[in-house]
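Guided by the hints, dock chain B onto chain A, whose structure is given.
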Amino acid sequence: MSTDHVPRIGLRVEGIDAAYDRLQVLWDVSLHVAPGELLALVGSNGAGKTTVLRSVSGLLKPVRGHVKLGDTDITSTSAEKIAELGLAHVPENRLVFPSLSVEDNLVLGGYVRRKDGRYAVRRDEALHLFPRLRDRINLLAGALSGGEQQMLAMARALMSDPSVIILDEPSLGLAPKVVAEIMTALAHLRDEKGLAVLLVEQNVRAAFKIADRVMVMDRGRVVAEGTPADLASDERVRAAYLGGSSTSSSGVAAPVTRSGGAPA
Amino acid sequence: MTDLLQLVFSGLAQGSVYGLVALGFVAIFAVREIVNLVQGEYAALAGLAAISAVGAGLPLLVAVLVVIPLVIGVAVLLERMTIAPIKKMTPLTSIILTLGVSTAVKAVMLLIWGPEAKGLPTFPGTDITVGGVSIRSQELWVLGIAAVVAYAVIWFYEHTVRGKSLRACAEQPVAARLVGISPRTATVVAFAVAGFTGAVAGVVGSPIYLSAWSSGLSLGLKGFVAATLGGLTSLRVAMIGGMLLGVLENLVAGYLSSGYRDAVAFVVLVLVLLFRPHGLASKTSAVRV
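Protein sequence lines correspond, in order, to chains A and B. As numbered in numbering that gives the first Met the number 0, residues 0 to 263 make up the first sequence, in order. As numbered in numbering that gives the first Met the number 0, residues 0 to 288 make up the second sequence, in order.
Bound conformation, chain A alone (with noise of 0.2 Å):
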C-alpha cells in the first residue's frame, strides 16, 4: 500500500460508554478527525482520555456507542485487525521493544505490512521525520533516551502506514524542545501526509499551539469543545483545565496557523 495512492480516511467515535469490569469511566463521548487535521484531547488525570484512546484502537471494547475507521465499524474488531485497518496507536509510556534494535522495532511496527516489499520506503520517511533514530539505529530501543524513544514509538507507528494516528501523551517527561520537535513531526503527518491526528495532551500549551480544534474532558465526559482560540478565551475552561489564569498571557491563546505549525 503505498502513501500516495491510498484515500486518507478519518477517525469518527459516536456516543461511547466504556468500563473497566464494572466500573464505568467513559460517557457518552463522542468526536471525530478527519483527514489532515488534529484534534487534541485534554483534561485532568483519570477524565478518562487514556481510555478513550484504548477503546479507539481495540484495546478496550466499549459497552455502548461505535467507532468507525473511515466507513468501516472497528467497535468489535480486535487491536491487531485495527492496526492493519489502517490506524495506529502511540501509547502511553512509548512501550517500546526495549531488547530488539531500533531497527526491529521499526521492523515490527511494519509488521502487518510485512509483505508488500515497501519496508525501505517508509523506513527512510520515518528516518527522515525522526533523524536522530538513524543514528542510533543499530542500538537496543531499552537503551535510547526517553525523547528518543518517544520518538521511535511514533516511527515505528508510521511503519504500519497508517491513516489515522493516535497519541497518548507523547510529550510526557520530556524536555521543551524535545516536545516541539515532537509537535512538529506531529505537524508535518498532519500537514505533508494528510493524517488524522488525534492527540491526547496533559502540556496543554503545546497542544493548543498544535490543534485545529481541542475537546476538554471531565470525569468521563466531553465537557467543552472549539478551537484552541474559542476554548482559551473561555474563562471556564481556563480556570478549569488550563491552570488558572497564569497561562492566559502566555501563549495558550495563540494557536500557531496550519502553515506556521509546519516547518518542513
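Hints are not guaranteed to be accurate.
Claimed, not checked - In silico DSSO-like cross-links for lysine-lysine, where the CA-CA straight-line distance does not exceed 27 Å: (1) Lys67(A) with Lys80(A); (2) Lys192(A) with Lys208(A); (3) Lys80(A) with Lys60(A); (4) Lys114(A) with Lys176(A); (5) Lys176(A) with Lys192(A); (6) Lys114(A) with Lys80(A); (7) Lys192(A) with Lys67(A); (8) Lys176(A) with Lys208(A); (9) Lys80(A) with Lys86(B); (10) Lys80(A) with Lys117(B); (11) Lys60(A) with Lys87(B); (12) Lys117(B) with Lys60(A).
No lab work stands behind these hints: they were computed from the structure.
Quick look at chain B alone, frame taken from chain A:
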C-alpha cells in the same frame, strides 16, 4: 583419561537431548511466561509413535518425518484446548494446568503403548572408536541433529520477522498488539516450536535412551533444569545448559555411583534457584523488569 573422555562424550550426546527439551521450555516461556510441563511428553510421544510407525512397516526416515508434524499438531491442539481458554494466565496457573495435562497425556500413552520401554532402531551408520573412546553412530546423529535444530530455532527467534514478533509479544504485549501481532498466533507458533524440539529430542534419543509412557517425566525435569540456567529466557544457555547437565550426570554416575545420576538435576535446580534465580547470565533480565 579415556574414561573421562568417554563419560564426557556420551554425556554431551545425552545432554543435547535435554538441551532440545530445554529449548522447548524457553520457546514458550520467552513468549507467554507459561511453564509448559507437557514438554517432556512431546518427546515420549514422538518416540513411541515413531516406534509404532516403524513397526507398521514404514521406513525409519518416513516414520520420523511423519511423527514430527504429528507431535507439533498435538502440541498446538493441546494448547488450543487447555491454555487458550484461560483468560488470566500466570506462571503458577500454567504449572498446575500443564501438570494436569501432562498426567493425562501420560495416561493415554500408557493405555496405547503399555508399560514397557522400547527403542527406535538406530539411525544408519557404524560405531567407531577414537583414541579408546567408543562413539556410537547414534550419538553422532543426536549431536548433529541437536546442533542443527538449536541453530535453526535460535535463528528463527533472532533473525526472522515472525520470530522477533514472538519476542515483542513477551516484552510488551500491549505494544505488540498495537503493531498488529496477535498474541493468539504468537502462542500457537511458540507451542509449535516447542512441539518440534520435543519431537526431535524424542526420535533422535529413542534408539539409545529408549521411550516409555513415563520417560517424559525425567526428560521434562532435566530439560526444565537446563532451561532455568538461562532464566527460562535464553535459548543458547538452555541448549548449552542441557549438554552440561548431561556431562555432569555422566561424571557423577561414572565416578561416584550411577544411583546418584538422577539426583544431579535436582541438586543443580536447587543451586540455581538459591543463587541465580534469574539464570546464570542474569544481566539480560533488564528485559523484563
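Cross-check of the supplied hints:
1. Lys67(A) with Lys80(A): holds (13 Å)
2. Lys192(A) with Lys208(A): Answer holds: lysine 192(A) to lysine 208(A) is near 19 Å, not above 27 Å.
3. Lys80(A) with Lys60(A): Roughly 14 Å separates the two Cα atoms, so the pair holds.
4. Lys114(A) with Lys176(A): violated (37 Å)
5. Lys176(A) with Lys192(A): holds (23 Å)
6. Lys114(A) with Lys80(A): Distance ~16 Å between lysine 114(A) and lysine 80(A) Cα, so the pair holds.
7. Lys192(A) with Lys67(A): holds (21 Å)
8. Lys176(A) with Lys208(A): holds (15 Å)
9. Lys80(A) with Lys86(B): holds (20 Å)
10. Lys80(A) with Lys117(B): Violated, at about 48 Å.
11. Lys60(A) with Lys87(B): holds (17 Å)
12. Lys117(B) with Lys60(A): Outside the cut-off at roughly 53 Å; violated.
The structure fails hints 4, 10 and 12 (numbered hints given earlier, in ascending order).
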